[in-house]
Amino acid sequence: MQSLSPQISVLGEYQVFLGLPLSSDPEVCLQIQSRIWQLANKCRDRDGVLETVPGMNNLTLRLSDNQDPELWCRWLEAEFHRTASTDIHKGREHIIPVSYGGEAGPDLESLATRHGLNSRDIIRLHTQGNYRVLFIGFLPGFPYLSGLSNTLHTPRLATPRQAVPAGSVGIGGAQTGIYPCTAPGGWHLIGRTHTQLFDATANSPCLLSPGDRVIFVERGHYA
Amino acid sequence: MLEVMLAGIQTTVQDLGRSGVAHLGLPRSGALDRQALLLANRLLGNPDNTAGLEFALGQSSLRFNRDAWIALTGADFDARIDTKPVWSGWRSLIKAGQTLSLRGPKAGMRAYLAVDGGIQVPLFMGSASTDLSSGLGGLEGRALRSGDRLELGPERPLKHQVGAMQSPWDNQIRVLPGPQYPLLAETSILTESTWQLQPSSNRMGARLEGPALRLKAPLEMASQGVFPGAIQLPPSGQPIVLLNDAQTTGGYPIVATVIEADLWKLAQARPGQSLQFVLVDRAEALAACERWKQYFNRLGRALGSGEAHG
Numbered sequence: 001m002q003s004l005s006p007q008i009s010v011l012g013e014y015q016v017f018l019g020l021p022l023s024s025d026p027e028v029c030l031q032i033q034s035r036i037w038q039l040a041n042k043c044r045d046r047d048g049v050l051e052t053v054p055g056m057n058n059l060t061l062r063l064s065d066n067q068d069p070e071l072w073c074r075w076l077e078a079e080f081h082r083t084a085s086t087d088i089h090k091g092r093e094h095i096i097p098v099s100y101g102g103e104a105g106p107d108l109e110s111l112a113t114r115h116g117l118n119s120r121d122i123i124r125l126h127t128q129g130n131y132r133v134l135f136i137g138f139l140p141g142f143p144y145l146s147g148l149s150n151t152l153h154t155p156r157l158a159t160p161r162q163a164v165p166a167g168s169v170g171i172g173g174a175q176t177g178i179y180p181c182t183a184p185g186g187w188h189l190i191g192r193t194h195t196q197l198f199d200a201t202a203n204s205p206c207l208l209s210p211g212d213r214v215i216f217v218e219r220g221h222y223a
Numbered sequence: 001m002l003e004v005m006l007a008g009i010q011t012t013v014q015d016l017g018r019s020g021v022a023h024l025g026l027p028r029s030g031a032l033d034r035q036a037l038l039l040a041n042r043l044l045g046n047p048d049n050t051a052g053l054e055f056a057l058g059q060s061s062l063r064f065n066r067d068a069w070i071a072l073t074g075a076d077f078d079a080r081i082d083t084k085p086v087w088s089g090w091r092s093l094i095k096a097g098q099t100l101s102l103r104g105p106k107a108g109m110r111a112y113l114a115v116d117g118g119i120q121v122p123l124f125m126g127s128a129s130t131d132l133s134s135g136l137g138g139l140e141g142r143a144l145r146s147g148d149r150l151e152l153g154p155e156r157p158l159k160h161q162v163g164a165m166q167s168p169w170d171n172q173i174r175v176l177p178g179p180q181y182p183l184l185a186e187t188s189i190l191t192e193s194t195w196q197l198q199p200s201s202n203r204m205g206a207r208l209e210g211p212a213l214r215l216k217a218p219l220e221m222a223s224q225g226v227f228p229g230a231i232q233l234p235p236s237g238q239p240i241v242l243l244n245d246a247q248t249t250g251g252y253p254i255v256a257t258v259i260e261a262d263l264w265k266l267a268q269a270r271p272g273q274s275l276q277f278v279l280v281d282r283a284e285a286l287a288a289c290e291r292w293k294q295y296f297n298r299l300g301r302a303l304g305s306g307e308a309h310g
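Keeping their order, the protein sequence lines are chains A and B. For what it's worth, my numbering labels the leading residue of the first sequence as 1, then goes sequentially. For what it's worth, my numbering labels the leading residue of the second sequence as 1, then goes sequentially.
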């Protein structure tokens with residue numbers, strides 16, 4: 001792990017990108033991601049950094065216009081090698097009650113058919129997962145979660161929906177996530193939650209942070 | 001205070017946008033033509049980040065209930081205070097009870113209105129900007145509607161009219177090569193084609209149409225942080241230039257990035273308009289930024305407000 005070498009490059013005038021090759025092993029991905037979290041924490045609030053955005057096994061910085069991106073590339077590389085993959089921080093645990101199927105999860109049946117299962121199997125597999133928030137992106141408070149059962153990995157819809165209702169729980173590729181607000185989206189929708197993921201009036205508006213753990217539990221009919 | 005009599009197609013409260021919030025999934029937002037809003041504020045002696053209004057298309061009118069100095073910049077709308085024409089790039093006095101009306105634009109796409117003292121809305125994450133994509137900031141996170149009322153900040157004592165030259169628009173958009181530029185099957189297509197701005201473009205992205213851009217081989221990319229100016233290449237081969245309300249992470253290849261100094265040109269392009277990408281190097285991108293800074297510094301000196309707000 002320590003010998004992994006990141007790809008580091010300058011993007012545009014003032015962005016710096018650090019990325020690692022994606023491993024097919026979820027455990028390796030999580031270990032790399034934990035180093036990305038550590039690196040992001042080191043960068044955030046540092047003079048000269050306007051934005052620090054973790055992605056999937058990568059990190060992008062947006063620098064202010066008095067910074068030399070080349071110097072930041074070298075600094076990032078050195079800092080990356082100083083992070084360790086052993087101390088994966090535990091994060092907080094969140095229990096998210098989900099109403100599966102029906103109007104709340106319009107794609108549950110088709111997903112079951114597609115995978116040769118019934119909808120109870122899908123719910124069981126989805127609630128058995130131990131999920132980690134890899135990063136927040138796409139929409140305010142939208143979590144990219146790892147830990148989805150291989151059986152449920154499903155390519156995105158060919159034609160995205162114009163409006164996915166807020167609280168929808170979806171599956172896209174190897175990931176599952178929750179739409180914090182009504183937005184267009186191409187994930188398969190299996191359920192919906194009342195848990196509010198983004199509260200614009202709160203001091204920390206996002207419920208979830210990178211590293212947090214998520215458990216989905218089934219609740220009754222969505223009302 | 002000012003009252004919105006007629007709201008126009010998409011009029012929003014904007015300042016220079018939010019910073020330090022992309023990792024929460026919040027876009028930058030802010031004026032799509034930063035330089036135009038900056039110019040309007042400079043003309044009034046407002047701090048650069050003072051909130052103003054961004055108008056896109058249509059007819060709008062605003063009634064003021066106090067005397068106010070205003071400055072209109074950006075796209076060339078037919079603008080009047082009651083019946084008297086108002087020139088773009090000038091500051092003018094509007095009296096309490098008078099109405100500012102806009103129709104157009106004749107050229108360009110978005111106009112900016114600054115008012116002495118600024119438009120006052122509650123700040124969200126440090127900015128007055130409206131994020132239409134997630135319905136946050138500005139006035140209730142939405143475009144203005146007829147009947148809305150907007151509070152104004154304290155009046156500033158200004159005198160005579162002054163004006164400034166605005167940079168002429170052209171369709172040459174300078175870009176830096178992006179990380180996936182070398183993976184294009186034919187890089188020349190990016191810079192030698194003419195790209196038409198699609199009507200589906202919005203504050204999230206400028207969608208372009210032209211000959212399909214192809215990669216040498218299909219590419220699976222991991223989601224990464226993206227910012228306004230990134231030119232994404234979806235499987236359709238038709239590029240999208242991300243703008244201020246864009247999502248904060250994306251997984252499409254980034255073939256190039258529009259230089260900061262030219263992003264305003266996309267804000268002022270109209271649907272159907274032809275655009276061309278010109279590949280430049282980092283030195284030229286930085287020099288172009290420097291020229292904008294010098295322009296605003298000269299303007300500051302000419303207006304007597306120095307570089308205090310730089």
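Derived by calculation from the structure, the hints in this document are not laboratory data. Heads up, the beta-carbon is just placed ideally off N, CA and C, and yes, glycines get one too. Possibly wrong hints are sitting among the right ones.
Restraint-style ranges between C-beta atoms, simulated for each label pair [as the list claims (entries may be wrong)]: (1) B:A222 - A:Q162: 38 to 48 angstroms; (2) A:T159 - B:E3: 26 to 36 angstroms; (3) B:T187 - A:S5: 53 to 63 angstroms.
No more than 20 angstroms apart at the CA atoms, straight line, and that leaves these computed lysine to aspartate or glutamate pairs for EDC-like [unchecked claim]: (4) B:K106 - B:D78; (5) B:K265 - A:E13; (6) B:K293 - A:E13; (7) A:K42 - A:E70; (8) A:K42 - A:D25; (9) B:K293 - A:D65; (10) B:K293 - A:D25; (11) A:K42 - A:E77.
Chain B residues, not near chain A, derived (Cβ > 10 angstroms throughout) [claimed, not checked]: (12) K84; (13) G126; (14) G153; (15) S193; (16) T194; (17) S201; (18) T249; (19) R282; (20) A302.
Going through the hints against the structure:
For the pair A222 of chain B and Q162 of chain A, the supplied restraint of 38 to 48 angstroms is violated, since their beta-carbon distance comes to about 26 angstroms. Hint check: T159 of chain A to E3 of chain B, Cβ distance near 42 angstroms, so the stated range 26 to 36 angstroms is violated. Our hint of 53 to 63 angstroms for T187 of chain B and S5 of chain A is violated, since their Cβ atoms are close to 27 angstroms apart. Restraint check: the Cα-Cα separation between K106 of chain B and D78 of chain B comes to about 7 angstroms, which is no more than 20 angstroms; the hinted pair holds.
Between K265 of chain B and E13 of chain A the CA atoms are separated by roughly 17 angstroms; this keeps the pair inside 20 angstroms, and the hint holds. In summary, the hint linking K293 of chain B to E13 of chain A is supported, as the alpha carbons are separated by about 15 angstroms, within the 20 angstroms threshold. Simply put, K42 of chain A and E70 of chain A have alpha-carbon atoms about 18 angstroms apart, close enough for the 20 angstroms limit, and the pair holds. With a C-alpha separation of about 26 angstroms, the suggested pair K42 of chain A and D25 of chain A falls outside the 20 angstroms cut-off, and the hint is violated.
At most 20 angstroms may separate the alpha-carbon atoms for a hinted pair to count; K293 of chain B and D65 of chain A meet this at roughly 12 angstroms. A hinted pair counts as satisfied when its Cα atoms are at most 20 angstroms apart, and K293 of chain B with D25 of chain A does not qualify at roughly 49 angstroms. Between K42 of chain A and E77 of chain A the alpha-carbon distance is near 13 angstroms, which keeps this suggested pair within the 20 angstroms criterion. Every C-beta of chain A lies more than 10 angstroms from that of K84 of chain B, the closest at about 40 angstroms, which supports listing it as non-interface.
Taking the minimum C-beta to C-beta distance to chain A, about 12 angstroms, the non-interface status of G126 of chain B holds against the 10 angstroms cut. Every Cβ of chain A is farther than 10 angstroms from the Cβ of G153 of chain B; the closest lies at roughly 23 angstroms, confirming the non-interface assignment. The beta carbon of S193 of chain B is kept farther than 10 angstroms from every beta carbon of chain A, the shortest such distance being approximately 21 angstroms. Residue placement check: T194 of chain B keeps its beta carbon more than 10 angstroms from all beta carbons of chain A (closest about 23 angstroms).
Here S201 of chain B stays apart from chain A, with its beta-carbon at least about 15 angstroms from theirs, past the 10 angstroms limit. Against the 10 angstroms criterion, T249 of chain B falls within the reach of chain A, whose nearest CB is about 3 angstroms from its own CB. Its beta-carbon lying about 7 angstroms from the closest one in chain A, R282 of chain B breaks the requirement of being farther than 10 angstroms from that chain. Distance to chain A confirms A302 of chain B as a non-interface residue, since its nearest Cβ pair spans about 23 angstroms, more than 10 angstroms.
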